[in-house]
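Chains as they are written, first to last, in our numbering: chain A, 10 to 452; chain B, 94 to 377.
To be clear, the hints were calculated from the coordinates, so they are not data collected in a lab.
Please read these numbers as outputs of a predicted model, since none were measured by experiment.
Every residue gets a Cβ at the ideal spot worked out from N, C-alpha and C, and that includes glycine.
It is possible that some hints are incorrect.
To be verified - As a list, the in silico EDC-like pairs of lysine to aspartate or glutamate whose alpha-carbon atoms are at most 20 Å apart:
no., chain 1, residue 1, chain 2, residue 2
1, A, Lys449, B, Asp200
2, A, Lys446, B, Asp200
3, B, Lys103, A, Glu158
4, A, Lys78, A, Glu190
5, A, Lys41, A, Glu190
6, B, Lys199, B, Glu161
7, A, Lys156, A, Glu253
Claimed, not checked - Beta-carbon label-pair distances, calculated as ranges:
no., chain 1, residue 1, chain 2, residue 2, range
8, B, Ser139, A, Asp420, 24 to 30 Å
9, B, Tyr204, A, Thr401, 50 to 56 Å
10, B, Tyr204, A, Asn126, 54 to 60 Å
Stated by the list, open to error - Covered by chain A, per the in silico footprint, the following chain B stretches (three or more residues, Cβ under 8 Å):
no., segment
11, 146 to 160
12, 224 to 232
13, 270 to 280
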Amino acid sequence: MVFSIGIAFTNADQWNILPAQEKIGNYTNLLKCATYLRDSPEHRAKAPQLLGDIENNLNQTLNYFINIKNMLDEGVEPIDIPQTYFDGLYRSARKLSRVKLSISELFNCSALGYPTNLELIPSDKLEKIDSLITLSSILVNGRFMNKEELYDRVLVGYNITMDLANFFGKLEHDYEGYMNEVISSSQSKLEDLQMRFVGFENFQRLFKDPRFYNSLYKTMLFVLTSVTLKMGAGVLLAIFYSSELVMGRKALRALLMIPWAMPFLLSALTWKFLFSPNGQLGQLLGLEINVREWDAFLVYNLFEMWLAYPFVMTVTQGALRGVPKEVIEASYVDGAGVFTRLKEIILPLIAKPVSLAAVLTTGASLQAFLVPLTINSAGPIGEICAPYVGCTSGYKNEMLIVFGYHRVMIDKEYGYAATTYLVILAIILLYVTIYFKLLKKTG
Amino acid sequence: MPGASITILKIIATIVGVFIAAALAYPLVYIVAQALIGNPKVLIISIEDLMRYGLSLENFVYSLKNPEFHRALMNTLVVTSLTVILAIFVIIPSAYAFSRFEFMGKDTMLYYYLIVSQAGGGLGIIAVLALYIFFLRLAAYGIGLIRIEILPFIYVSGLIPFQTWLIKSYFDQLPKELDEASFIDGADWFTIIFRIVFPASKAAFVIITLLAYMSAWGEFIIANIMGLDTLGKYIYAMAVAGESGLMEPGRFAAAALLYALPMIVLFIISQKYIGEAYRLGMKG
């Protein structure tokens, strides 16, 4: 309990709830390594020299590419380009392979005593050097290629070289800055990996989350509609099946208790099958619960009604037993005055237990969870908008409890989820307080 | 002819009554038909489907032979029996204590139990989610608590508030003079508990066993949150939350019916007890 209140003020999520020591170690070492490379005088002296070499080589290579490209642009046939160009290109690219080796030696964090599987120099840059070398060895025979092919290859080579020259140029001219960049990015990664205190950030976020308002709205609406439906159905069925006019009442009443006797999971499976868009009732009624949010909402209401009417019915039946039989019978036989009599005689007599049942079942609707979850995971997914707050995408029929559940099970943002259910808890407690107030009043 | 008109009214009312009852019972008929259909991949849309593919028990046989079903069933049996035992050991003594003794914080605790048991299912889900996050955090320190054996403890904690009230009300109805008299007579605690309290509370054992069994067997969402394989979780994760259900509706309908059968039987047997129990609980 205390833990969950605590976690509501942190940024816990799936990355830091289970801190991976290995990952943290990698980032810590990279950070140390970059710091060392930045500050060690030996490396500060060596690096510019080596990087300067690379730059020279790259510039040479680039020049050859430009020359060949220019000649091709002028319409010179490949066969007429001097072989020396291609040979020069090849030689300058070959030199890069030696430099590449010294670079991986110089910037090798593991050799410096900071083992990490993260890269200080992005490995794609080193791979590009390799592909440049391969390309240049192919281009030795460039004179005998056809014009388009040669042009394409030269262009590729030119682009790679350009990119490498930019990267290493930057590294050479702003060696310290590059290392600082590495340091700050691994620092922020480390922070993401460690849970920390964020104060009221989560609460602020919750009150700016359109999904939260949507879920409040849907929940209230659901309480309104489903309570009306199930109370109406339960009370009417109880009155109807208490009537002497219906023969075989006992058997029929037992049949009506089926939704109560069926385990929830079986009912949920059945309703999912029946109301899926290609299920029997789904097709019959043309419901698209995975596309239209109100279709899904309607099915929730029907399902909730079906699940809960046996309870209401049983309570009402119990209350009706206290009503003299003659009253009910008379009200049916009289015909004209049926509803008046129902209203004036029967309803006042059963009002107390029935309203207690209503309060209880309101609690069930307020905490609707399994119904929307099992029918279609509280979908469909779509754009959710709330006035003054904005829009975002999410599950359109997320009732309150489902909202908290999805934050844990789908988003895996545990800190935020803890905040949401603290707020939901407050709402439930509010309901319980009202409920007990009412209970005391009715005695 | 008032007699004749009443007869006609009776017939109409009965027809309407049968019709409504049939409509409300329809989902059960449907799922049984779905489980019996000859082709497991067909979702029944009309009665013709049933004619075309015929009826067979193939789907039930398939489920019973399915190793995944077996494993989940074994887990469920372990969890269920542990839950029952644990519930009896925790709830009955504490309810007895609440009923017979005065101790510090008794009223506060009873009030707390009442609030929690009346607040509804959402509270339980929230508590379980919080517990799950807590377990994840503990796992980071090498304490792996998310295992099948943890489920009975969670289930029993969920049962405690309501059932303690229930059994307390039951004990309240037993004459207090009985154990007091024997206490004065010089009987020791052992004798009192085994000779007097136990025999008198047989019904309490039955109620707890039934309720604990049914709640542990029927539970699936907690197991699903924790990712532990029970029968309920298996069916839920595959067929209700997952897509396999609509791919092979026949097989999963059969599996769900097999899963539901013991609960339906128990529900019918326990109707009498549970009705009584709820009446007692409400009174408390």
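Do the hints match the structure? See the list:
Note on Lys449(A) and Asp200(B): the hinted pairing holds, with a Cα-Cα distance of about 17 Å set against a maximum of 20 Å. Using a Cα cut-off of 20 Å, the hinted pair Lys446(A) and Asp200(B) holds, with the two alpha carbons roughly 18 Å apart. For the hint linking Lys103(B) to Glu158(A), the alpha-carbon distance of about 94 Å lies beyond 20 Å, and the restraint is violated. The suggested pairing of Lys78(A) with Glu190(A) is violated, with an alpha-carbon distance near 36 Å, which exceeds 20 Å.
With a C-alpha separation of about 13 Å, the suggested pair Lys41(A) and Glu190(A) falls inside the 20 Å cut-off, and the hint holds. A C-alpha spacing of about 46 Å is found between Lys199(B) and Glu161(B), which places the hinted pair above 20 Å, so the restraint is violated. Taking the CA atoms of Lys156(A) and Glu253(A), the gap is about 100 Å. The hint is violated against a cut of 20 Å. Between Ser139(B) and Asp420(A) the Cβ separation comes to about 41 Å, which falls outside the hinted range of 24 to 30 Å.
As the Cβ distance of Tyr204(B) to Thr401(A) is approximately 41 Å, the hint placing it in 50 to 56 Å is violated. The supplied range of 54 to 60 Å is met by Tyr204(B) and Asn126(A), whose beta-carbon atoms lie about 57 Å from each other. With 0 residues bearing a CB less than 8 Å from a CB of chain A, the segment 146 to 160 of chain B misses the requirement of three and the coverage assertion fails. Taking a C-beta to C-beta cut-off of 8 Å, the segment 224 to 232 of chain B contributes 6 residues in contact with chain A, enough for the three needed, and the coverage statement holds.
Coverage of the segment 270 to 280 of chain B by chain A is violated. Counting CB-CB distances below 8 Å, 0 residues qualify, and the rule asks for three or more.
Going through the hint list in order, the structure does not satisfy hints 3, 4, 6, 7, 8, 9, 11, 13.
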